[in-house]
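Engineer: Line by line, the protein sequences give chains A and B.
14 is the number of the first residue of the first sequence in the numbering used here; add one for each residue after it.
344 is the number of the first residue of the second sequence in the numbering used here; add one for each residue after it.
Source of the hints: derived by calculation from the structure; they are not laboratory data.
Incorrect hints may have been included.
Keeping only pairs whose Cα atoms sit at most 25 Å apart, straight-line, the calculated SDA-like set for lysine to any residue is [unchecked claim]:
#  : chain 1 : residue 1 : chain 2 : residue 2
1  : B       : 388       : B       : 844
2  : A       : 54        : B       : 388
3  : A       : 29        : B       : 803
4  : A       : 54        : B       : 426
5  : A       : 54        : B       : 844
6  : B       : 428       : B       : 844
7  : B       : 564       : A       : 54
8  : A       : 133       : B       : 620
9  : B       : 530       : B       : 388
10 : A       : 29        : B       : 483
The calculated label-pair distances, taken between Cβ atoms and stated as ranges, are [as the list claims (entries may be wrong)]:
#  : chain 1 : residue 1 : chain 2 : residue 2 : range
11 : B       : 433       : A       : 199       : 39 to 45 Å
12 : B       : 697       : A       : 195       : 24 to 30 Å
13 : A       : 199       : B       : 731       : 56 to 62 Å
Fair warning: this is a prediction, and the values are worked out from it, not measured in the lab.
Glycine is no exception: its CB is placed at the ideal position from the N, C-alpha and C atoms.
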Amino acid sequence: MNSEIDKKPQAIHPHKFTLWVAMGSIVMMFAGLTSAYIVKKNQSSWLEFSLPIVFWYSTGVILLSSATIQLAAKSFKAREMRRYRTLITITALLGLTFLALQVWGFVNLEQNNIALTGSKSNSAASFLLVITGLHMLHVLGGVIAILIIFARAYVGRVKNYSSLPIEMAATYWHFVDVLWIYLFIFYNWIG
Amino acid sequence: MSNEAVLHASVGAHHEAHGDEHHEHHQDTFITKYVFSQDHKMIAKQFLITGMVWAVLGGLMSVLFRLQLGYPESTFPWLQDILGKWAEGGKITPAAYYALVTTHGTVLVFFVLTAGLSGTFANFLIPLQIGARDMASPFMNMLSYWFFFAASIIMLSSMFVETGPFSGGWTAYPPLSALGDASPGSKSGMDLWIISMALFVVSSLLGGLNYIATVLNMRTKGMSMTRLPLTIWALFFTAVLGVLSFPVLLSGFILLIFDRNFGTSFYLSDIFINGVGALPNEGGSAILFQHLFWFLGHPEVYIILLPAMGMVSEIMSVNSRKPIFGYMAMIGSLFAIAILAFLVWAHHMFVTGLNPLLGSVFVLLTLLIAVPSAIKVFNWLTTLWRGNVRFTPGMLFAIGFVSLFISGGLTGIWLGNSALDIHLHDTYFVIAHFHIVMGVASMFGMFAGIYHWFPKMYGRFMNNTLAYIHFWVTIAGAYMIFWPMHYQGLAGMPRRYYDFSVWESFKQFGELNQFISLVAMIVFAVQLLFLFNFFYSIFKGRRVTTLNPWGANTLEWTTPIRPGHGNWVGEIPEVHRWAYDYGKDGKEFISQDTPIGADESHH
């Protein structure tokens, strides 16, 4: 009871900490959904089908974007603002590419007569749509966050050299990346 | 450092760099002070008053459906005047009855006892008791309230749509919740219900994230985790439960939305609706929704109960003038409850065809909750034991909480047995159990908190005489309403039925039902007395003249009588001891910010 709290200088910024708790919360949501997937799969009339090939490409794209945002954060801290701007733009574009590829994957499935919604749909495909769609929403949130940070670099009278926003964006971006990898492995080999 | 950084970042330009002495907000307008406020204390009051509005509406609904249950043969022409077609000829229609019980449940569980209780006291007490100027993110905190407000408006509007609000029970089980054709209440009322609940989940998550980050990062110097008042520990575990369980509910809701609107078959299979015909949905499982719902649903009851437990611990110690008995045991039992909360959800589903072996595992885990619960009860009683008890209204409600928690907790041991549940499930026994242990007990915790911290909230006291009337009528009434329901439940009387007088076996309860309804109306009227006391005292109550009217140790009583945004004028006090040095070394109480004296005995 006599431990003095004297760790203030190296303490994590509360906003960063909040982000980590929020990521824990998002994990619970996907844990709930993938558990439901497993429960459902073990019941009758589950449609087996293979994932569209394009999901492999989107996996590559999101992995690449994780690398670019990491480099962007690094250049921000080194004050190489030009490089930072290029990298963050590439990251945002890769994010949008990822989203487009996912949509393409869904279109592919529909073309192969695997209905995602509607009366002919099987919950195997519907689950894929809902879980992947929710993940896409989280990626979209990341893209918007990046665009806001990007805009802030130009707009505003006061120059802000705090690396907190870009660090938080990078953490979140890695998180949605890892989340997709988990889902990808889950669809292919676990669920 | 981080404390200052956050407050200044959010309040921004109003502040000078060394803002410690400048916490007057000269530029505050009516809008920034009372409406879009980022001050945790104002947000707490917003949660409280919105919660009160919902409590009145939800309570009124119970009075209305108790009218039907108590007087099934009578008609009340005035009902038609206020409810229109929902009470044709002065008698509540079956559709309206189901709408009333559903909305009563949803509103009381989520809007009153989650947002109104933990929203109010987590916001109010966390920064004040840990020594922080505000939450980790005051802006997110404000958003949390406004999401709740939007959810409230949408839920309220669902009561005015033509087909009525959702009426398939607060648990929203499919297929009633998933098929618009299933019942009138499943149409647009359910759409609004689900949008409202989704917004509510977002509100809870934003709030919960903030509470966790604040407790872990923003404590003042010297405030180690083991020096925190038990209120903060309880609110902390509440937030953890919310952050981990609400997302699962949201995922269940998302699947439900797809089933409702996009023709998927997550929850639906082989359904035939009268007048519509057979539905194409195949392969879905309604039980899946129950799993997702109760994975939140069970932690939810602790989200409701833990804040009350924390406040009761604090109020009981202050008003017994004794240290809380077993401080570490109290934290340990909160922790145990928080863990077990996630491992018992299937006890709500014993009769859904659950594998009996799996059921027995859930029985064991459920009964294990009795251990931490008993530890807490023991510690409350031993805190009272030989204490110098001051029977303030807050203290009375705290003692009332313990009484209700014991009574309601014991029936939990019955219901936790899957074998007994075959007979007891979906009867009035369940209604009695959860209303006492979760509903009324948590309301008592909330009342205790309001009476105790009202002086800090508004700088005035509430009227004691009215408070005593409020307490005695409410506790007597709560037992008179719910005690008889145990007997009804044991006799097999099912919940959610519209009219028992048509059953030969339940006719014998006609007069008992009348009695329960009568008491329910009296208890409801007394709550209006409490509301009058509350609002009257805000403006006309006796003024608080000393900083620390209760002689309490915690940090909120070191702030000015009416603290501004930022809470402390000058530096935040440093903490030197735990919160429970009452009656130590001949001193009545020693505030947490008092340094350890040279002649002090063991601490």
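Engineer: Could you run down the list of hints and mark each one as holding or not?
Structural biologist: For each hint, the structure was consulted:
A C-alpha spacing of about 44 Å is found between residue 388(B) and residue 844(B), which places the hinted pair above 25 Å, so the restraint is violated. The straight-line distance between the Cα atoms of residue 54(A) and residue 388(B) is roughly 47 Å, outside the 25 Å bound, and the hint therefore fails. A hinted pair counts as satisfied when its Cα atoms are at most 25 Å apart, and residue 29(A) with residue 803(B) does not qualify at roughly 39 Å. For a cut-off of 25 Å, the pair hint linking residue 54(A) to residue 426(B) is broken: about 47 Å separates their Cα positions.
Our distance criterion of 25 Å between C-alpha atoms is broken by residue 54(A) and residue 844(B), whose separation comes to about 46 Å. Straight-line distance between C-alpha atoms of residue 428(B) and residue 844(B) comes to about 23 Å, which keeps the hinted pair within the 25 Å bound. The suggested pairing of residue 564(B) with residue 54(A) is violated, with an alpha-carbon distance near 53 Å, which exceeds 25 Å. This hinted pair checks out: residue 133(A) and residue 620(B) have alpha carbons roughly 17 Å apart, not beyond 25 Å.
A C-alpha spacing of about 35 Å is found between residue 530(B) and residue 388(B), which places the hinted pair above 25 Å, so the restraint is violated. Restraint check for residue 29(A) and residue 483(B): the C-alpha separation of about 14 Å stays at or below 25 Å, so the hint holds. Separation of residue 433(B) from residue 199(A) is about 58 Å and departs from the stated range, judged on CB atoms against 39 to 45 Å. Remark: the range hint 24 to 30 Å for residue 697(B) to residue 195(A) is upheld by a beta-carbon distance near 29 Å.
A hinted range of 56 to 62 Å holds for the C-beta pair residue 199(A) and residue 731(B), which are about 60 Å apart.
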